[in-house]
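These are the residues of each chain, in order.
Protein chains: 2
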Amino acid sequence: MTRDAVTWERPTLKNVGTPCLILDRDRMDRNIRRLRTRLDQLGVALRPHLKTAKSIDAARRVMTSSAGPATVSTLKEAERFAAAGVTDLIYAVGISPDKIERVLVLRATGADLAVTLDTVEQAQAVAHASRQAGDPIPAFIEIDCDGHRSGVVPGERTKLLEIAHALAEGASLRGVLTHAGASYGADGDDALRACAEGERASAVKAAAILREAGFACPIVSVGSTPTAHFAQSLEGVTEVRAGVFVFFDLVMAGVGVCQIDDIALSVLGTVIGHQPEKGWILADAGWMAMSRDRGTAKQKVDQGYGLVCDIHGKPFPDLIMSDANQEHGILSIRSGSNAPLPDLPIGTRIRILPNHACATAAQHDAYQVVCSDDDAIKAVWPRFGGW
Amino acid sequence: MTRDAVTWERPTLKNVGTPCLILDRDRMDRNIRRLRTRLDQLGVALRPHLKTAKSIDAARRVMTSSAGPATVSTLKEAERFAAAGVTDLIYAVGISPDKIERVLVLRATGADLAVTLDTVEQAQAVAHASRQAGDPIPAFIEIDCDGHRSGVVPGERTKLLEIAHALAEGASLRGVLTHAGASYGADGDDALRACAEGERASAVKAAAILREAGFACPIVSVGSTPTAHFAQSLEGVTEVRAGVFVFFDLVMAGVGVCQIDDIALSVLGTVIGHQPEKGWILADAGWMAMSRDRGTAKQKVDQGYGLVCDIHGKPFPDLIMSDANQEHGILSIRSGSNAPLPDLPIGTRIRILPNHACATAAQHDAYQVVCSDDDAIKAVWPRFGGW
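Chains A and B are the protein sequences, given in the same order.
The opening residue of the first sequence carries number 1 in our numbering; numbering runs sequentially from there.
The opening residue of the second sequence carries number 1 in our numbering; numbering runs sequentially from there.
In isolation and in its complexed conformation, chain A is listed as follows (with noise of 0.2 Å):
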């Protein structure tokens, strides 16, 4: 009587299902090396943002310790990490007043999470639920470095006063914080260190009116991914807050900040057809496996919904995913390009780098770890989602 050896299949990105997201762990440890000894080199700490993440695997290889520093962008992950016993935490965005009561939760827990604000509205209900829980929040003053979005503009002496005044009555001013969200628009390595320098001198300047008036303000707390990577000085600042940098991604290569080999993030997919009268080739990976960020289609080379590699991650020359529906990715070559369309049978395998790592890995629920010459997967680390 013979019958087959029962084998267990080795998870390898032949085999794994489609789409899928796959993580370079040896292209995430170099990003994370790169920035952490530029920033060894400036003198400042690295406060990582972990909401292109959301996973307690990438985050405990980012930090510097196992209990923080660290940024979040809510409040779950704020409890989500906090529970993974990282307790030095910023919510960087603006606090409304009925989210409070979920922040004194989880500091009642023991973990350091600290609030961010730029009214004095804010500043009254943070004070006011202090006070209530006999818990000073400790809160950011957000500063507008470059019109981006949020904050006050650090000449706005009066309004900076008036909030670090209401803070004073129950909270605790911990410092100020800036983002300079305009660097990802920036043209050239001379725009990305102004870029840099204004959000080092809005925040600097911010924090020296406060501590004029009498406030400390222990914390100057600065960042995005190209100020981060391009700041010639930061004198003044304590900490530095950047995220994307620990996958970079299309629209990161596209600012200059990194190489398209840099991107340590990739969407698994499978052929599984082709038009070839339009020179398409179709892949089971569309807008839901890829999302529908397009942050490319400003810059220079518009990368379509993706940069198409092969199984190994070697991009083919010119092939972008042109267009997206939910569940398929129309590949074809880039506009104005001769390149050839290469011969992908139905079954081939391909990766497509992402325009926005955070938006690509948010269609996810975990990273397939792999490393940079190997088809194994070496890991499987869950993500998370949500509010």
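No wet-lab data here; the hints were simulated from the structure.
Glycine residues also receive a C-beta, built at the ideal position from the N, C-alpha and C atoms.
Treat the hints loosely; a few may be bogus.
To be verified - Chain B is faced by these chain A residues, among others (derived, beta-carbon under 8 Å):
| # | residue |
| --- | --- |
| 1 | Gly17 |
| 2 | Asp98 |
| 3 | Gln275 |
| 4 | Leu282 |
| 5 | Ser291 |
Once you've looked at the hints, dock chain B against the given chain A.
Below, chain B without anything else, positioned relative to chain A:
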């Protein structure tokens, strides 16, 4: 000794955590009734596409029976819905050979799951696997009715018959299937009627070719939300697939398939800041809550990342989410409008209608279900994602 009474706070739009996804069940039910009535009059069955809702609770309201029929876009949807008793299923994305084993496993549990394909290679792979398993997998040949994506052009008689012959070696040809994806870009009612007629005629023509060659082709399946609402005749068609009609969205309103007040889905957010000099209101719902979908950017009325309403779902004149970061939405008056910026203090609750219901819903793990004229949250319907 006195103590406060412990009161349970009934969940409402005013106290639920934000951002979250709100589903107006009254509007949804009305949308379902409208299409059902229409298709009953045209004498065809409705096979709803469950990729929009990805919720058992929503599926049960839209399907004509608890067992289906229904359409899915991923095998995970097939597995989840089959586990809930939905057995009549079409997986309407081209099958890749490595997914066939998973189809067979699900079919072995009793689900009548059919696959879709448009190449001889796929047909051979499905026929081979069917023979090996002793289970003739039902298959649809996908027809390209408008050059939108995948499928065989109905005039390609030779290719159609080659696929049918390849399937005959073990699988089961169940019919033809097409999707008028180009209808999303149609301009005006006449253009929509023409899309619907083109979709119908293509599928019927392909079925006729197959039947003339001796292949039974019992099912002729067409569908998209715009064509389902504009078809004048569905002669020769046996079933209609449509998905987004359940919720509708701003893209569908822009196409002219629904009115703004038919849109059943919205994201509830909270005001967290102001930049009065710029005319901006900041909210705690950014692209993570809305998705990166900018489907109205190509339409006559660009709705940004969504149209902003009050807590009851009534739109503020010309107030849109004009830009979005991960967890920040920037609300402002539409360019060119003279409408006043409403006074929305910090903490104000707002609801934002989405560009694309499928994409926005996918950013959330549950629906908070409400009725049209009531703030109370009546139910929480979980939804799933992934593959």
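Hints versus structure:
Because the beta carbon of Gly17(A) sits about 6 Å from the nearest beta carbon in chain B, less than 8 Å, this interface hint is met. Interface hint at Asp98(A): satisfied, since its Cβ lies 7 Å from the closest Cβ of chain B, which is below the 8 Å cut-off. Restraint check, Gln275(A) versus chain B: the minimum CB separation of about 7 Å is within 8 Å; hint holds. For Leu282(A), the shortest C-beta to C-beta distance to chain B is roughly 5 Å, which falls under 8 Å, so the interface hint holds.
Hint status for Ser291(A): holds, given a least beta-carbon distance of 6 Å to chain B, under 8 Å.
Hint violations for this structure: none, all hints satisfied.
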